[in-house]
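Trainee: Listed here are the chains, written in short residue letters.
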Amino acid sequence: MAQTKTKSRFIGWFAPIILLILWQLSIVTGIIRFRYFPSPVAVAQAFLRLANSGRFYGNLSHTVIVTLVAWIIATILGVLFGLLIGLSLPVWKGVMASVDVLRSLPIIALVPVGVIIFGFTLRLEIVIATYAALWPILVNTVSGVRQTRSELLDIGRIIRMSRVERVWKLILPSALPLILVGLRLGLGLSLVLAIVTEIVGTPNGIGYALINAEQALHPAQMFVYILVTGVIGYLLNGLFIFSARRILSTEKSAEKN
Amino acid sequence: MGERSRNDPVNGSLLGQGDSVFEVEDLTVSLQTGGVDRTILSSLSFTVANNEFLSVVGPSGTGKTTLLRAMAGLIPYSGSIKFRGSQLSGPAEGVALVFQDYVNSLLRWRTVGRNVSLGVEGKLPRDECDQRVTEALEVVGLSKFKDSYPWELSGGMQQRVQIARALAMNPQVLLFDEPFGSLDAMTRESLQDELLRVRAHYQTTCVFITHDIDEAVYLGDRLVLLAGSPATIKYQLDIPLSDERNQINTKESNEFLRLRREVHGEMRRVHGTNQDEV
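Chains A and B, in that order, are what the protein sequence lines are. All residue numbers for the first sequence refer to our numbering, where the first residue is 1 and numbers rise by one. All residue numbers for the second sequence refer to our numbering, where the first residue is 1 and numbers rise by one.
Check before you lean on any hint, since a few could be wrong.
A few chain B residues facing chain A, derived, Cβ under 10 Å [claimed, not checked]:
hint, residue
1, L196
2, A200
3, G265
Residues on chain B that point at chain A, a partial pick, calculated with CB under 8 Å [claimed, not checked]:
hint, residue
4, I75
5, P76
6, P91
7, G94
8, A96
9, L97
10, F99
11, N104
12, S105
13, W109
14, L237
15, D238
16, L241
Using C-beta positions, here's what the derived DEER-type ranges look like [said to hold, decoys possible]:
hint, chain 1, residue 1, chain 2, residue 2, range
17, B, V36, A, E165, 31 to 41 Å
18, B, P125, A, I65, 44 to 54 Å
19, B, D243, A, S243, 51 to 61 Å
20, A, S150, B, D184, 43 to 53 Å
21, B, G85, A, S150, 51 to 61 Å
22, B, V36, A, L235, 31 to 41 Å
23, B, D19, A, E165, 33 to 43 Å
24, A, S104, B, D212, 44 to 54 Å
25, A, R245, B, G85, 16 to 26 Å
26, A, R245, B, H264, 49 to 59 Å
27, B, A200, A, V95, 19 to 29 Å
28, A, W13, B, G155, 25 to 35 Å
29, B, G155, A, A44, 53 to 63 Å
Bear in mind the hints are in silico, worked out from the structure with no lab data behind them. Here the structure is a predicted model, which is why all the values come from computation and not from measurement. In this text, a Cβ means the ideal position worked out from N, Cα and C, and glycines have one as well.
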């Protein structure tokens, strides 16, 4: 078992390594000949140079912090309003159509509107990233709450739980798996929109560094930043899944309160 | 038979006037289905005596579950349902309900023990709560699975968890909504016997809904047949079988066969027009 697992992991590395080698070879041999298309080796060299400069880490942490702050705000708002909408049929009937319209608007189209209102500020970044993360969290919370089995709700009434108890002990835990899906989607969107606002003009972060590298005609650096965003996304997602597993399993033991 | 283990001063003692736990009079229930008001139950009157096991049978879709939900205080009704002498308005203390769908009735994020404690936690002192859980699990034979999760257990075991959860509340009345309907025949028979044993242990009044006539006769002290649309009580029957029942001997006894035949006959008579449902 363990052996096949390490084997399949190794196989997973196989394709990207081959790809990198092909990439390098095609540039060295001159098969691909674009003026600003760097080879993997050039990208690696650019990475080493950047990694030794302080600005790199400043940009990196800026984007990560904005992403996380926006995501946390979106989580609080999304779960709170999601509960409110999911628990009350009149509220649900009243707002769900608007929610569906609002969340279908491509968020990128709203970025210029945000720029006019907030200028290229940190606030712009956080507002846009929060807005993006809010919808999946909200919508998933609403459907998680509404999918609570009628048996559970009946049991809550028969046991004569208070409303708060019913939400806390029955509805939230049974909605949790869907809420976690929303949180995960929201985290990804928060990162993407943070970078988009940086590319558009907020003078900080990975997106900003990326656009700077482009204007300074440093294609190798651009590739470094692109790879870095990929790694951030991958790590945030991995971290989230890791902690979600912890939450789900401590929920089991912590429920002993 | 069965020692009286109840020592709960609120639920256990003194029934008030008479000996009936439930007095249902002229009960009519209408529910909205697809925007249309439909009368499900019409003018039902019956009583459930203390410590009685009442089986309610009827073709599927007749409104047996609706009756049970009304008795659990979950839906509005007209007419009168008195529980221990007072008019029922909402779920009453001392009534517990066991659903057919055990998978969705148990909290999958809680262990078996924590599922069973759901109805008593926070209402009783901690040690008494633990004691109730331990006792209930012991009675249904799941002591070893206290720390397992429901989804790790078989269907029959999960249904026993649900029964234990109801028992831990030390209810005066247990309402069963076709609890064994989705279990295989062998599991169902063993759970039937277990239910009789548990009931003897706790001395609980039971209202048991089923569409299985054999089950209704085997378990019940009395039987009510519900049929029609809207449903009315078509027929009532005392079941004078001894308290010591047994899957083989009881079900082969002439008395059991006679009662079974009688109920089948009645069912066919009242439901003659569409027999496919029986």
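Trainee: Could you run down the list of hints and mark each one as holding or not?
Mentor: Each hint tested on the structure:
1. L196: This interface hint is violated because 23 Å lies over the 10 Å limit.
2. A200: violated, 24 Å
3. G265: violated, 35 Å
4. I75: violated, 10 Å
5. P76: Since the shortest Cβ distance to chain A is 13 Å, the answer is violated.
6. P91: holds, 5 Å
7. G94: Status violated, d = 11 Å.
8. A96: holds, 7 Å
9. L97: Hint on L97 of chain B: holds, closest Cβ of chain A at ~5 Å, below 8 Å.
10. F99: holds, 5 Å
11. N104: holds, 4 Å
12. S105: This interface hint holds because 4 Å falls under the 8 Å limit.
13. W109: Hint holds; W109 of chain B Cβ to chain A Cβ min 5 Å, cut 8 Å.
14. L237: violated, 29 Å
15. D238: Check failed: Cβ of D238 of chain B comes no nearer than 29 Å to chain A, outside 8 Å.
16. L241: Interface hint status for L241 of chain B: violated (31 Å vs cutoff 8 Å).
17. B:V36 - A:E165: 31 to 41 Å: holds, 35 Å
18. B:P125 - A:I65: 44 to 54 Å: About 48 Å separates the Cβ atoms of P125 of chain B and I65 of chain A, which means 44 to 54 Å holds.
19. B:D243 - A:S243: 51 to 61 Å: holds, 56 Å
20. A:S150 - B:D184: 43 to 53 Å: About 25 Å separates the Cβ atoms of S150 of chain A and D184 of chain B, which means 43 to 53 Å is violated.
21. B:G85 - A:S150: 51 to 61 Å: violated, 30 Å
22. B:V36 - A:L235: 31 to 41 Å: This hint is violated: roughly 56 Å between Cβ atoms.
23. B:D19 - A:E165: 33 to 43 Å: Between D19 of chain B and E165 of chain A, where Cβ atoms are some 35 Å apart, the hint holds.
24. A:S104 - B:D212: 44 to 54 Å: holds, 50 Å
25. A:R245 - B:G85: 16 to 26 Å: violated, 53 Å
26. A:R245 - B:H264: 49 to 59 Å: Cβ of R245 of chain A to Cβ of H264 of chain B: about 54 Å, so the range 49 to 59 Å holds.
27. B:A200 - A:V95: 19 to 29 Å: Because 54 Å falls outside the window, the suggested range is violated.
28. A:W13 - B:G155: 25 to 35 Å: The hinted range 25 to 35 Å is violated for W13 of chain A and G155 of chain B, with Cβ atoms some 44 Å apart.
29. B:G155 - A:A44: 53 to 63 Å: holds, 58 Å
The structure is inconsistent with the numbered hints 1, 2, 3, 4, 5, 7, 14, 15, 16, 20, 21, 22, 25, 27 and 28, although it conforms to all the rest.
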